[in-house]
Structure formats: structure tokens, C-alpha cells
Amino acid sequence: MNNNLQEQIIRSGDLNVLKCMRCGKCSATCPSYDEMEYHPHQFVYMVEKGNIQPLLNSESLYKCLTCFACVERCPRGVEPAKVVEAVRLAAVRKQDGNHLTADKIPAMLDEDLPQQAIVTALRKYAK
Amino acid sequence: MQVNENKDFEPVIVAFCCNWCSYAGADLSGTNRLNYPTNVKIIRVPCSCRVNPMFILRAFQRGADGVIMCGCHPGDCHYTSGNYFARRRMTLLFSMLDYLGIERNRTRVEWVSAAEGAKFAETMESFTADIKKLGPNRRLEDLRCRKQ
Amino acid sequence: MQRIGVFVCHCGTNIAATVDVKAVAEALGHEAGVVISQDYQYMCSESGQNLVKDAIKEHNLSGVVICSCSPRMHENTFRKAAAAAGLNPYMVEIANIREQCSWIHKDIATATEKAVILGRAAIAKVHLNAPLTAGESPVVKRALVIGGGIAGIQTALDIAEAGFDVDIVEKSPTIGGKMAQIDKTFPTLDCAACILTPKMVEASQNEKIHIHSYSEVSDVKGFVGNFSVTIKKKARFVDELKCTGCGLCTEKCPMKKVPNDFNLGLDNKTAIYIPFAQAVPKVATIDPEYCIMKKTGKCGLCSKVCSAGAIDYNQEDKFVEEKYGAIVVATGFNPIKLDKYDEFAYNQCADVVTSLELERLMNAAGPNGGTLLRPSDKTHPHKIVFVQCVGSRCDDSKGKPYCSKICCMYTAKHAMLIREKYPDTEVYVFYIDVRTPGKNFDEFYRRAVEQYNVHYIKGMVGKVTPKADGKIDVQASDLLSNEQLHIDADMVVLAAAIEPDKTARPLATMLTTQMDTNDFFTEAHPKLRPVESATAGIFLSGACQGPKDIPETVAQASAAAAKAIGLLCKNSITCNPCVAHADELMCNGCSSCEKVCPYGAITYQDKEFRMPNRTIAVRRVASVNPAVCQGCGACTVACPSGAMDLNGFSNKQIMAEVDAICK
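Chains as they are written, first to last, in our numbering: chain A, 1 to 127; chain B, 1 to 148; chain C, 1 to 663.
Everything labelled a hint here was simulated from the structure, so no lab data went into it.
Where a beta carbon is used, it is the ideal one built from N, C-alpha and C, also for glycine.
Per label pair, the in silico range of CB-to-CB distance:
hint, chain 1, residue 1, chain 2, residue 2, range
1, C, R529, A, L56, 50 to 60 Å
2, C, A17, B, E125, 20 to 30 Å
3, C, S45, B, P74, 36 to 46 Å
4, C, D433, B, L57, 51 to 61 Å
Produce the complete structure using the sequences and hints provided.
Here it is, written out as C-alpha cells:
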């Protein structure tokens, strides 16, 4: 279960957590550091190890400002903000009730609705 | 330009590489495990100036779909001036091929040094893609030479 | 018809993992003329070679095809093996199925197919091979060392010791290189100048060593044993032979605001300068960009005070051409520019310095006379933060992908020296990993922690912000205690990554040697031939081949010297028998070939030929001097009648290869 979740997170965020060399530069300048239970470098490490449940339950997910300071500073191109975002997405997606399938779309089509909105809706809610 | 519909077309590509720069560059792309298509087969020559335009015509006659010649960068020839001769000869050959109506992209001259393994792989990649776009060489192939 | 043996190498799994070697051997066994086709684990090993030798004798082979690694790697090995079995070595051809097949392809089916085609091309070529005999070419008994740092000096001293003449070409006004700028050396903490300057003097006094300082290599021609090198002696506007190095001119020079590059711009020098007191050669140099006389034509003060009359404002660059048997490259390294790393505020704050700058700040001959003071306000720093891996171990877009190797040790050294000299100073070192493999190295680092109480913190500095009160706010993470830290530092020292000198790449092009993607010179074999380049007669010494500390550099320098001496000891080397030759019956004496030959190897002779009806005609025909010909083949293509051909790469052989590939 966790392995699937890990793979889903890694694929959805196009992540490269194995590139991390554990320098901690991402956490060094994180402006939300003190607010976070798990810090950016821990996100990277825990996703790599598949230890994702604690992250999903943690408030830290919503403390990240997505300021991208960590992405900018990371010497290895790991992009920790994208890791946090991918975990956040997994947490949001897991909540039920938002599912939309392809066959339901034609009925919803509306001339005024932009095409992009439909595609986005399908991507976002399709399971 | 002829657009080839056949997706399975695997062109035969002959690459002439000078021993000192380009062949070493090809070796370096191997050492660095840089991938390029299997279509490319390399023939080692001491210098790009050893490549007789006849060799290129012969390759086309025998059914090659593309021929590329690689040498040291101008000014860096191991034999001082060989690649300058090669450059002139190829210019003449290419203008003749143009006159015959052979697509310009079927032949290429590229300077690759012994340090440019990545460039070698990229060049072979893009050349193979060009030839795949052009499709098989039909104009210059001598069907009598084709062995079944 | 030739009797050909085919030998397919597995190269362990290097080839066998992506090429079905058994299938290749099987397929090539059916080719015309092939009498035996075998595969073997390691064809280049002794038993593999014996396999080839035995097959030559047993099957009376007249040609051999080895499907293995690049001919640049093992062609000679197999030629020697063939010769030992009584076969002419030039009857051996290599099909390159490793570098140009198994290593670049992933699909077994297509890679195997390609390997078979490459094998067929080699077989087609061997069918047309003819036995060749190699001639000999003399070796010039003189070596060139490019770069006058500790690597170049050590190599030159060792070669001179063996009795050969050596020239050192150094681009700056003095030899000594980076080691001359260093204060102390790890792990013994002895002073760098105390061990380097005697070697510099030794080099200058050795009558076998000739130093071309302030010079560059501008052109290289020729080949192993017989290189012809043009050295550009840049105009220093001072006659080297007359200058006594008294230094009076540097005292009188009115232009005193020239950034001192020996002290990395931390202080100023004069427009006419001697880089440092122990410079070799101890000769002044004028920087024409700052010299008032060179710029305005009015001044000439140095010329007036020079009692030796050494100043010459009209001096021009000189070019010297010299012959060498061997060339040793020792171009060294430089710390990288830190412009890309804004977060460390290197460009904004004078008190953020690189480690090499700290060496100068702490050096007794440096800008502060050996007292460690902040560059900005010349006060004593009480809190110093060291940042490791700045630009090293980075993603390609962010810096250098490699470990710079020396930083862990010199940072421990700096931390220890500061704590020793100024016990009131707190020292923090931020590290990702501490890498100290080396004799007495880890003990040294532990001493910094245990004995000198240097605070080592696992983590990285994320941002350095200069504050209005002159302090520097260092924001970092402490990974082990899971904290974000703010340190109010007085100085920050960055362990900048090191990179090869910028002159290395154009030099590699001139020498036709290989470099890796980081511009380090590539050795002929990463384990077994670490000091030779793949180009014969070119050797590698020091950090131009990869990051190295001083002991390793000196070891490699001596190893390169030993290899160069080995070459210089020979009176002659076997030369390439793959030279051009003219078919006199077809030659019409048109001189086309003579015009394109870069070596002047072709001359014309009048020869008598028997003609029909018992007449004799005298015709002018080309003849090639095989000792001078290098075998480029320019003449073969120029020849309108097809009389000129190249041994080993004949028209027919190449055509046969083309045919085999195009089948």
C-alpha cells in the first residue's frame, strides 16, 4: 500500500528523491521551518524511504509556503518544494467525493465552459 | 522533401571517423555510456582526408541511406591540414550530389574532437533522425548490388 | 584466399551483457575464408592471447579478426600476440564491439546484429590485408613540461636527474603555482614555502632544466619522440638576462594601485612587480594594463632607477620553436568563480572569503603579515564559519558534479590553525560528509574536533546575509539535532570547488589528447595507465587529471617523469608502417600528391621502364619516404590515376568495409 503511494507520489510530482545527498541546505533557509513538524529534508528522506503516512497526517503539509527557496538552493536538483507539493496532492486526492469519470463529462458540457476547465477537472478528479 | 510513412524503417548509416579525434570521440561516448542508434556503423580511417568521395558514392550505391564523415576540428588535424582537404573535397561532392537531386541531409560532415563524446552521440542521434525522416535511399542505390 | 580466425571477447560482462557473443562467433564462422571462430571470457588475458596464438599455429591462419574493445585499447596487444605466433602483426584487425556497440546499446538483439556486421566488415578488410614491416624513428632526448607548479617542478627535477634536458613552460612570471600561495600543508602543518621554495631554487639551478616563465605553448606539431613545439614568450618588458631582481623598480613605481593577483586581490602591488620574494626566476615584470609609461608614454621611472638597464618598453612577444621527445602536462587547477552562488554573499561582503584567500590572509607574507584580520575593517574575527562543498558535488546546472577532494582536509587545517593561534575564536564547520581517506588524515580531522574543539555541524549553510553592524548572519541547518541555526559570524570561509585551469582545453586540442566533460585530462587507462594520456608521448602530472592534494600530486609527478624517462631512454621507436606508396606503373608524375603532403614525404624520380617492342622509356614517378610519411592518406585521394594507396587503409580495404556494412 505504502509502496504504491510512494510510487504515485514520485510519479505525480516527477520527483527525483534519490538524487538527494542529505546536505540539508533546503531546511537551512526554509522560512516555515519552525512551524513544520517535518522539515523539507525530512520530506525528501521519508518519501525516499516510503515512510509517507506520518507526512500525510502532519500539519507540515500545509505549512510549506511553496516559496521555492529550497528548490533554488538545492545543489542536487532534488526540488524539495515539489516533494512537499506531491505529498500534499496525495493527501488531497485521497479525500473521497470528488471523483469524476470520463463518461460523466458529456452531460456536463456547456458552451460557455472553457475546454481547459473540463480537462483540468478530469485530471484533478479522475481516479 | 519526401516524408516517409514507414515507422519501422531502420536506415543503414556509414560513419567515417578519423582515428585521432572522431574515432576517439566515439570511443569516449562508449566509455561514458552515451547511447546512440545502432544504425550507425563506424569505419576507421587514419584521417578525414583519407575519405575518398568515391567511398561515399560506393556506400550509396550499395544501399546505405546516409553517410556521415567526422574529423578533427579545423586547425586541430593530427596531420596538420588533412581536414581542410577533406572539407574542400566534401564541398565539391555535396554540390555534385545537389546537382543529381540527392537530398542534402543524406550526407554530413561534422567535426568531433577526442574530448567530445557527448557531441558524437548527439550528432549520430540527430543524423539518424534526419535519415529516418528522409526515408530510404532510392535514387543512388544500385539494385544489382543488393544481395538478398 | 586467406585463412581467417575470428575471436570474440566477452570482456567479462562488458560485451557479453548486451551482445550475444556466442551468436556472433557462430554467425561469423560462416563467413567466407573463416576457418575458426571462437569466443572467450577475456581475449586480452594471457590465456586469451594463447588461444589466438595456438589457433594461428594449429589452423595455419593468415589473418585474424578480434571482436573486442577499441583498437585504441588493445590493437597492439593482439598484434604482438600474432607476431609471437609467427603471423605478421598487420594481419590482425579489430572489430570494436565494446565502445562502439555493447556500451552504447541496450537491446541485445540489435546490438548483436550490429556486432556481427562490424565483425563482417573486419573480415572483409583482413581478406585484403598484406603483411607490413615497421620502420624506426629517432627519439629527441628532451622533454617539455607544461606548467610550473609543484607537479611540473617535481616532474622536471626527476627527468633532469635521469640526465635529460627539460623545459618548463609556465604562464605566470614565476614558477611555484598554487602551492606557493598556500600557508601551511596538511597533515603535518609544515610551512608550504619552506618545502616548496628549495625545490624551485633547485629547478632553476639545475643545468638540465630550462624555465620559460611568462610563456605559453602556442603550437604543437609532430608525434611521439619527435614533437615540434612553438613557445610564446610573452613580453614582460624587462630583459630577463639583465634583471637582477633587486626590486628597486617596484619600490619607485608610482602606480601602486594594481590588484595583487598573487594575494588574490586582497591588497595592491605596483605596475612593475615581482610576484613574491622567493619568485623563480626573480625577475620583474611590467603589467602593461596599468603601467603609466605603456599607457601615456610619460614616466619611465623604473628605467631610470634600474642600474642593470633591464627595462625595455618596446619588448614584443617572442616565439621559440623547440623539438621534444616527450611532453608532460601539468596545468593544474583553480578554485571556481563564486558568482553563481548569491546565497553566500561572496560578491557583496568582503568578509566572506574563499579558502585560498584565507591562506593568503594567514600567510606571514600575505596582506596582513600573518595576522588574521577581517578584510573589511581589519579587526580580529571572533566567530568564523566554514562552509564545505561550495560548488562541489552539485547537479550539473549548479556546479561541479565531482568531490573536490582537498577541501575537507584544508578546512580542518584552517580550523585547527585558527584555534591554535587565536583560542578566543569560535570556529564552526558545516559539512555534508567529512571525507578524509589518506595516511594520518582522519586522525588529523579528529584532532581538530577533540583537541582543538572545532564545532563540526552536519548540515549546510543556506544563506549568508551581511548585516549593518558588520556581523554576518549565517543561516544553516543542523541535521543531527534537527534545528535551524542562526550564527552571528565575523567571517565566513567558503571551500570553493576546484576546476582545471582554463588553458587546459585549448592545450588538449593542440596535443590531440582526450578530456572528460569537466575538462580534466583523461588518462590512458583509469587504473593501469594513470599518468599517460591516450596519445603516445603525452603524460599527465598533478591536478590537471583530477583533484589531488600535494602528496598525491608529487607521486603522480614522479610517476609521469618515470614514464617520460622510459621513452627518452630509447634511441628510436618503431614507427607506423601504414604509410603511402605509389604504384609506379600507374603514376603519371602529375605532382598532385606532392602538393597536398603536409610532411614533404613525396619526391619524384625519373625511372626507366620497359615499354612494348623492347624500347625503354624514362618516366617521372612519385616515391614516398616511409620514414617521413605519417600515413594520413591525403595523397591517396588527390591522386587522379589511383596510383597512390595507403598501407593498412587501402582503397580496396575501405571499399570492402563499406560493402560489408551496406549488405
